[in-house]
Amino acid sequence: MTETFISWGMDPNWAWGVATVAGILLIALPLMLAVAMIIYADRKIWAAIALRRGPNVVGPFGLLQSFADGLKVFLQETIIPTGANRGLFLIAPIITFTVALMAWAVIPFNSGAVLADINVGLLYILAISSLGVYGVILSGWASNSKYPFFSAMRASAQMISYEVSIGFILIGVVLFADSFNMNEIVKAQQGHGLGIVNAFGFNLLLFPLAVMFLISSLAETARAPFDLTEAESELVAGYQTEYSSMAFALFWLGEYANVLLMCTLNAVLFWGGWLPPLNVDLIPWFDIPGWVWLFGKILFFFFIFSWVKATVPRYRYDQLMRLGWKIFLPISLLWIFLISGWLMLTRYS
Amino acid sequence: MIQYIAFWLFASMVIASATMVILARNPVHSVMWLILAFFNAAGLMLLAGAEFIAMLLVIVYVGAVAVLFLFVVMMLNIDFAELRAGFVRYLPLGALVAIILAVELIVAGAAWSAGKVDLAARAAPAVTDRSNIQQIGELLYTRYIFLFEAAGIVLLVAMIGAIVLTHRQRGGVRTQNISLQNQRRPQDATRLVDPGVGQGMEL
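Quick mapping for you: the protein sequence lines, in order, are chains A and B. For the first sequence, the working numbering begins at -5 and goes up steadily by one. For the second sequence, the working numbering begins at 84 and goes up steadily by one.
Any given hint could be a false lead.
[Said to hold, decoys possible] Which bits of chain A does chain B cover? Going by a derived footprint, with three or more residues having C-beta under 8 Å, they are:
id : stretch
1  : 127 to 135
2  : 149 to 162
3  : 309 to 320
It is worth saying that the hints were derived from the structure and are not from the lab. Glycine included, each C-beta is placed from N, C-alpha and C at the ideal position.
Taking the hints into account, I'd like the entire structure generated from these sequences.
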C-alpha cells in the first residue's frame, strides 16, 4: 500500500505512516462489523440447534439485532461500584478490547497482504494473547466483589494452562513450516500432502495437533464447553458481573474478536489460510481471491465454535485442568519429539 | 530520527514506570507498573534488533511471571501500614545495598570506558541476513549446549523441590476418580421400573 501512496506523489516516510494508519483502519473497522454480524450468527445457529427462531425482529431476518443491542448498551449509564478500584476497573475492559484487536496486525489475508510482515509473527500472537489475561484478572479484582474475583482466578488459571499446550502445538507447526512468519507458514502449506492438498491439517502427524489446537482455542477464548468463567449457576456472570454500559460492551466485543482470531489461527496455521484447499486447478481455484478462501475457512471454524456451544455441556473445573495439563501437555510434548524425529529422517538427513 | 525518538520514549518510560513500581501505594498498581516497564524494555530490545528476545520477554515475563505476582499480591491482601512501620529499621541495610549497587555500576562504567577486555574468545553470531532466532538457536545448541542443558537441569531440580515442599498428604480429602467416572454406564446408574398404582417402590 505504501507504493500506491508514493506513486501519488507523497514523501516515502509520510506514505509509510499514512499506509499503516489506513491498514489499521482497513482491519479494525471491518473486524468490528464482522464481530457484530458474528454475534448475530452465533445466536441464530444456537437458536436453530435448540429449535428456536433466534433474533428475528430488528431489521430483515433480525440482521440488525447486534446494532440495536450496541445502541442500547451505549445509551446506558456507566455504573462504577463504590468499593471498586476506579482506574483499574475502567482500564480492564480497554485492555481486553485493545489486545483483541492488536493480534490482527500479523494475520495474512492474502499473499503478502499483512499489516506487519514481521519474522516473529507467531511469537507476537503468543505474546499478545498472553496479555488478554490481564483484562480478566484486573476486572475481577478491581470490581471488589466475590464472584468476579473467583471468576478472574478461574479464568487466569485456565488461560495460562491452555497457553502452555498451545505453545507446544505451535512448535510443531513451526518445525514443519521452518519459519515464524505467518505468511511463510501459509506458503509452506502449498502442496503439502503429496503436492495435492494445501493444508498442514491433512498431514497424519499434524492432524492430531490440529484437533488439539481447536479444542485449546475453545478453552483459551473461554467458550462453551469451557466457559467456567461465566458459569451463571455458580458465578452470576463471571468477571463482568459489575460492569454496565460501554465497559461491558468492550468485554463483549473483545471476546468475540478473540473468537474470530482463534478461528483465523486455526485456518491459517493448519488449514492453508488464504490458499484454496487443493493444489490442483480443477476449476480455476487460484483465480478466486485469497481472502475469500480465508473468510470461508474462518466462518467454517466459527460454525464449529457455535455448534459446540449449542450442543456440549459445560466441563467441571477439575476436568478442564486435567485435560490441559495431563492430556494435552504430554501429548503435544510427545508430538514435538515425533515431528522433529520425522523431519530429521526426511528433510535434514 | 524516529529511532532516537523511540529510544528516548522507551527508555524514559522504563525508568518512569520502574520508579512508579516502588512509589505506588497499592501493590497491585506496582505490579501493573512493572508490566509497563517490561513492555518498554521489550521495545528497547526491538530497537537493538533482537526481536526474538523482545517477544520472549513479553511472553515469559508479562505473560507468566507478572501474572504470578499479580495472583499472589491480589490474594494476600497486604497491610501497608504494617509494612511501612519497619522503614526506619531497615533503612541502613537498604542504604548499604543501594551504595554497593551504585559502586558496582560506576566501576563497570569506568572499566567499560577504560578499554576493552579481549572478547575474541566468545562466540557471537556472525552478522548475516538470517533471523536472530536461527542464529541464537545455532549457538545455543552447539557451542553452549552444556550450559543450556545445565540450566535446564537446575530448573528441573527447582521445580521438583517446589513440588516436594508444597505437596502434602491431607487426610479426609475426596478427590475425583476420572477413570471410575468414565467407566460408569447408564445401566449401572439408572433403573427403569413400572410400579403399580398405590404400591410405591423401594429406592
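Hints, verified against the model:
1. 127 to 135: Coverage by chain B holds here, the residue count being 5 at a Cβ distance below 8 Å.
2. 149 to 162: Answer holds; 3 residues pass the 8 Å Cβ test.
3. 309 to 320: It holds, with 4 qualifying residues against the three required.
No hint from the list above goes unmet by this structure.
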